[in-house]
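S.K.: Mind assembling these two chains? They're in different frames, but the hints should get you there.
Residue numbers (my numbering), protein chains in the order written: chain A, 3 to 407; chain B, 211 to 436.
Just to be clear, a hint being listed does not mean it is correct.
Quick list of in silico lysine to any residue cross-link-like pairs, SDA-like style, CA-CA up to 20 Å [said to hold, decoys possible]:
#, chain 1, residue 1, chain 2, residue 2
1, A, K6, B, E292
2, A, K6, B, E332
3, A, K10, B, N402
4, A, K6, B, S315
5, A, K188, A, M250
6, B, K235, A, G118
7, A, K20, B, L311
8, A, K6, B, L317
9, A, K261, A, S119
10, B, K430, B, S256
11, A, K6, B, T314
12, B, K408, B, K426
13, A, K393, B, K408
14, B, K426, B, E290
15, A, K6, B, K426
16, B, K426, B, G386
17, B, K235, A, K20
18, A, K20, B, P312
19, A, K10, B, P312
20, A, K393, B, E292
21, A, K10, B, D431
22, A, K10, B, T314
23, A, K10, B, K235
24, A, K10, B, K426
25, A, K95, A, K10
26, A, K10, B, N327
27, A, K171, A, M250
28, A, K20, A, S4
29, A, K6, B, T329
30, A, K17, B, Y352
31, B, K337, A, K95
32, A, K261, A, M250
33, A, K103, A, M250
Hints in this document: simulated from the structure, not taken from any laboratory.
What follows is each chain in one-letter form.
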Amino acid sequence: MSFKSLLKIAIRAIKANKSRSLLTSLGVIIGVASVILLVSVGSGLKDYITSEMQDMGSNLVMVMPGEIDLDKLGAGSSAMSSSFAAMSTSKLKLEDLNALKQQVPYIEEVVGLVMGSAPIRYQNESKIAQVLGTTADYTEVRKGEFESGGFFTEADVNSGRKVAVIGYKIADEIFGSPYVVGEKFKLGEYRYTVIGVMAEAGGQGSMSPDDKIYIPITVAQRQFNQDHLGIIFAQAKSSDDVAPTVSMTQEVMERRLDKEDFTVLDQKEILSTVSGILNTLTIALGGIAAISLLVGGIGIMNIMLVSVTERTQEIGLRKALGAKPEVILTQFLLEATILSVGGGLIGILVGAGGSLLIGIFMPTTVAWWSIVLAFVVSAGVGIIFGVTPAKKASELSPIEALRHE
Amino acid sequence: MKKNSSLLTVSGVSKIYQMDEVAVKALDNISLTIKRGEFVSIVGPSGSGKSTLMHLIGCLDIPTSGKIILDGEDISELEERELSDVRNHKIGFVFQAFNLLPRTSALENVTMPLLYNSTSEEHAIEKAKAALEMVGLGERMYHHPNQLSGGQQQRVAIARALITDAPILLGDEPTGNLDSKSGTEIMKIFRNLHQHGKTIILVTHDDELANQADRKIMIKDGKIIN
Ligand SMILES: Nc1ncnc2c1ncn2[C@@H]1O[C@H](COP(=O)(O)OP(=O)(O)OP(=O)(O)O)[C@@H](O)[C@H]1O
Ligand SMILES: [Mg+2]
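Chain B on its own, in the form it takes in the complex (with noise of 0.2 Å):
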């Protein structure tokens, strides 16, 4: 893997709701370049446009202009059905409210994107284990998430966005719902992830986490602004 060379190019984008009678303009015409292995944060107000940014990178949403181009493939160009692959092998997505399966153990939930792609599930199952050792929940893979702590059931979602060994790793305020000690765990197992060479974007409100980034990326209206 070529270090340096762009791992995403968001060249033109805008995005708009439309709502009935009023258009709400979530991003306005955003162009931006993240590079492989870089560790890359996004600050904004509330309602600048940064979760939006982050669906349509991580192929949720679809631009209403603009292109989007993620490991050299042009995603703003494709099916849903093409979409489910790439977000199955290229995106590992983090969200600040877990989104973990009730009713399911860490390690199903873990192993749940690997079941989307044609990998066996004992191989998924191997896999698993080893995300799940990784963030630290070895002792507790056969706990279903009401039974975590919301920093545990954090590092579960982390593990099944590792899963997959996708290029980049998208955080839309991962430490959001956390306290501070949980969410600096949370930050250190980001931090050890960019060492080992991922590409990294997190969305944050605290400035002392956004910091710790190579780079940091303001958007204010949905423009950015440095």
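So that you can see chain A by itself, here it is in the shape it has in the complex (with noise of 0.2 Å):
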């Protein structure tokens, strides 16, 4: 018997029993569906992380205050927030900064940062806004962009005058134009004058440069009263040096603080933590959503032994006429794996296309893998759960199948 012939058999019996067949397929279409949508939310905050920290800027090694263990991040964020907590209690220094600047060779640059908020008042605008006070070689590390004016000098920091680069949309939203150089506002209780404008950059959330102001470091240090520095970044000359960078950032800091109180990190130790971490998280959401298709598959073979019973008769008939027991079992194989292919094919769709819409509000990526996976073993699913019924049927004896009832 042709192929295409067993395919219209199979074809026929599905649409024979249009909405059972619909409702068999279902489990396998949610299961194929929230397998994609799972894993594109996954893979989605993974990569919006990864390209965030890719903006920093590239070769960085970062000094962090407190003491911060990368393999205990993975077993929960508290490692997270203490070295945030850390901040505060800093005991880095602008001059800790500058020894690095001196007897670390192999940095191109080097930074600090004081962060904080303040409300910034101009005219009759008003609203909390992140504040970084930074040395003059900021824009050298972050690699930024101006829409006009620049970024303070080192003689600014210096000499500690009450300057403020602001980010794209504080400048559109506070003051109604990227183009105000020159202007006055007002930070907490100090003023201040606008010296630069950054670009655009885009993204979202705290990470992303247009909503900070960034004045110099000296100034931060009195505006928020205090003499520590957040977080020093160093970035190296090449990554060649960045292990290097690494220990010696490591042997010169513990030459002046204790060694609880800082952490030296690199980059790319960081990002490889982070993306590991939301690779188990993005497998064990897939892993999840995969055991409905288990589910499904169940439900194809529960289907598919009805399927046989109620059709006893037909198969013998059928074997009755000349067909071999593998044309019956390729017969309600077919037949099991289009409905099981089929609702993998309309899981994709929907998985796929509810995954843009949620990419509205959360970052998601449709990961490629994800399909084929989803696909291979939801038709996995049907072949395998086919085959019980299919055998039953290959097997049965032409007789005792003419003559059941």
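M.R.: See below:
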């Protein structure tokens, strides 16, 4: 019997019970769609975080206050949150930054950050803004571009001038234009002069530079009444220089501070740890969804067993007319496969469409491997769960099948 | 095709149905020979084993003991795969209950046996149309079984049994579910086929029909009694 004729028979049988076929496939549709959807949320999150971290610049080495154990990061976010707490009790000083600049030859640029937030006021507009106090080298490290004006100079930092570089969004919302160099505004108690507006960087959330104000680090320490630094960024001269930068920075810092008061981290190391965690998360999400695929497969097996019982007479007749066991087997296997593969294809559309829809609210990336995996698993599920009923049909004795009521 | 040579030889065939404790001996050491072109009827009381014998000849079941040689081939020795080839090529079976596929046109029902061998679909459809014309259903090819009368359904079943040009046509009470007028029509088709050289074995309860055959075999309690 030609494959085409078998396909016709299988499709006819599926069409004869349209709503039952659809309900049977629904298990696979939901399974495949949820695998694709959950994996797209997981890998979307990973892509987002990875690109945000890469936007910070390349070959970065960070000195953070307190002790951070990257290996413990996977066990929960406690390590991360304790490091944020450590920022306010930081023992990092401007002198440490200068020491690194002088003693670590692999470093191209090194900047320190003082972080805080304060209300910004200009004419009738006001808003709480994130403020970053930093040194004149900051733009080198962060690769910033300017819409108008420029960054403050070392002289501004050293003399503690109250000048500010503002993010694009702040300029737009508070000043109504990105061309506001020379305008004066109040930040907390102090008056500042705009000397530069950063070009729009895009991105969202706390990582975006569009929503920030940059002021000289010396001024920031006065503004926030603190003498420590929240974090030190060092940029190695090349990617080969990252490893020696890390070890020398560790040595230099150990001479100046207690071991538990600082941690030297390499950007790549953080990136790989974070993406490792997110990969695990993604796989776990996909795995949970895959269980529903299994349930969908059992649904197919159930309905195929019902179908074989219902059509015992038909099977007997086909055998009486000369259908070989393997032809009957193929016919029923094909039916199960169409139900599962059809469900899989619809599931892919639903899953991909759904993740595009969710993409409006949060980052999602439809992973091609999740589509391939979901499809292969759904087809496999159909075949594996179709075998038992199909085998049962093919092994029926023709006369007993014909007599079946 | 040599006339008078034997097409079917049944020798010493028994069939025992083993049910839990009791064994039912449906056929008890049956032997018979059917020549090519012969029209034989089988009669006997209900439960005498007529259907059992037809199923064995039609390769739908296998004997407990004994030998059946059909068209030179010992079919009591074959595996299921080989039996399906014999069923397809050598046997046309007409059942009492018609056994047509529901929701499937007469044409497709008749085409079915050819789809289980290497016949091309176009050729199969051509042959099926010719077979339906032959049984007088040229106008009803696209009707589904539930749109046909019993007599018409049985004629579709006969067309299906003829489509592979099998050397033997088996009818197990083909008129049993029909009124006498339709039964007579079916019988007319059988006689016509016989005149064209087809070998036919017909099981029936109707003596009048049975007497129209060349030879009448009587079975009782699983044994031939004439
Ligand atoms: N599958 C089976 N299992 C057990 N016993 C069976 C089976 N098929 C038939 N029999 C028994 O074998 C005997 C012969 O049955 P068979 O159907 O061949 O009779 P029959 O002559 O065709 O009767 P009828 O004229 O009523 O159709 C009966 O006693 C029947 O009960
Ligand atoms: Mg019977």
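S.K.: Each hint: holds or not?
M.R.: Hints versus structure:
1. K6/A / E292/B: Outside the cut-off at roughly 24 Å; violated.
2. K6/A / E332/B: holds, 13 Å
3. K10/A / N402/B: Violated, because 35 Å separates the two Cα atoms, which is more than 20 Å.
4. K6/A / S315/B: holds, 18 Å
5. K188/A / M250/A: Between K188/A and M250/A the Cα gap is close to 41 Å, so the pair fails against 20 Å, i.e. violated.
6. K235/B / G118/A: Distance ~99 Å between K235/B and G118/A Cα, so the pair is violated.
7. K20/A / L311/B: Roughly 18 Å between the alpha carbons, so the hint for K20/A and L311/B holds.
8. K6/A / L317/B: holds, 18 Å
9. K261/A / S119/A: violated, 29 Å
10. K430/B / S256/B: Within the cut-off at roughly 9 Å; holds.
11. K6/A / T314/B: Holds - the C-alpha atoms of T314/B and K6/A are around 17 Å apart, at most 20 Å.
12. K408/B / K426/B: holds, 17 Å
13. K393/A / K408/B: The hint is violated at about 37 Å.
14. K426/B / E290/B: Given that 20 Å is the threshold and the Cα spacing comes to 31 Å, the pair is violated.
15. K6/A / K426/B: violated, 45 Å
16. K426/B / G386/B: Cα-Cα ~18 Å, so holds.
17. K235/B / K20/A: violated, 46 Å
18. K20/A / P312/B: Answer holds: K20/A to P312/B is near 16 Å, not above 20 Å.
19. K10/A / P312/B: holds, 15 Å
20. K393/A / E292/B: Status holds; Cα separation ~18 Å.
21. K10/A / D431/B: Not satisfied, since the Cα-Cα distance of roughly 45 Å exceeds 20 Å.
22. K10/A / T314/B: holds, 12 Å
23. K10/A / K235/B: violated, 43 Å
24. K10/A / K426/B: Distance ~44 Å between K10/A and K426/B Cα, so the pair is violated.
25. K95/A / K10/A: violated, 78 Å
26. K10/A / N327/B: Measuring from Cα to Cα gives roughly 16 Å; hence the hint holds.
27. K171/A / M250/A: Answer violated: K171/A to M250/A is near 39 Å, above 20 Å.
28. K20/A / S4/A: Roughly 25 Å between the alpha carbons, so the hint for K20/A and S4/A is violated.
29. K6/A / T329/B: holds, 13 Å
30. K17/A / Y352/B: holds, 19 Å
31. K337/B / K95/A: Judged against 20 Å, a Cα distance of about 97 Å means the pair is violated.
32. K261/A / M250/A: holds, 14 Å
33. K103/A / M250/A: holds, 11 Å
Checked against the numbered hints above, the structure violates hints 1, 3, 5, 6, 9, 13, 14, 15, 17, 21, 23, 24, 25, 27, 28 and 31; every other hint is satisfied.
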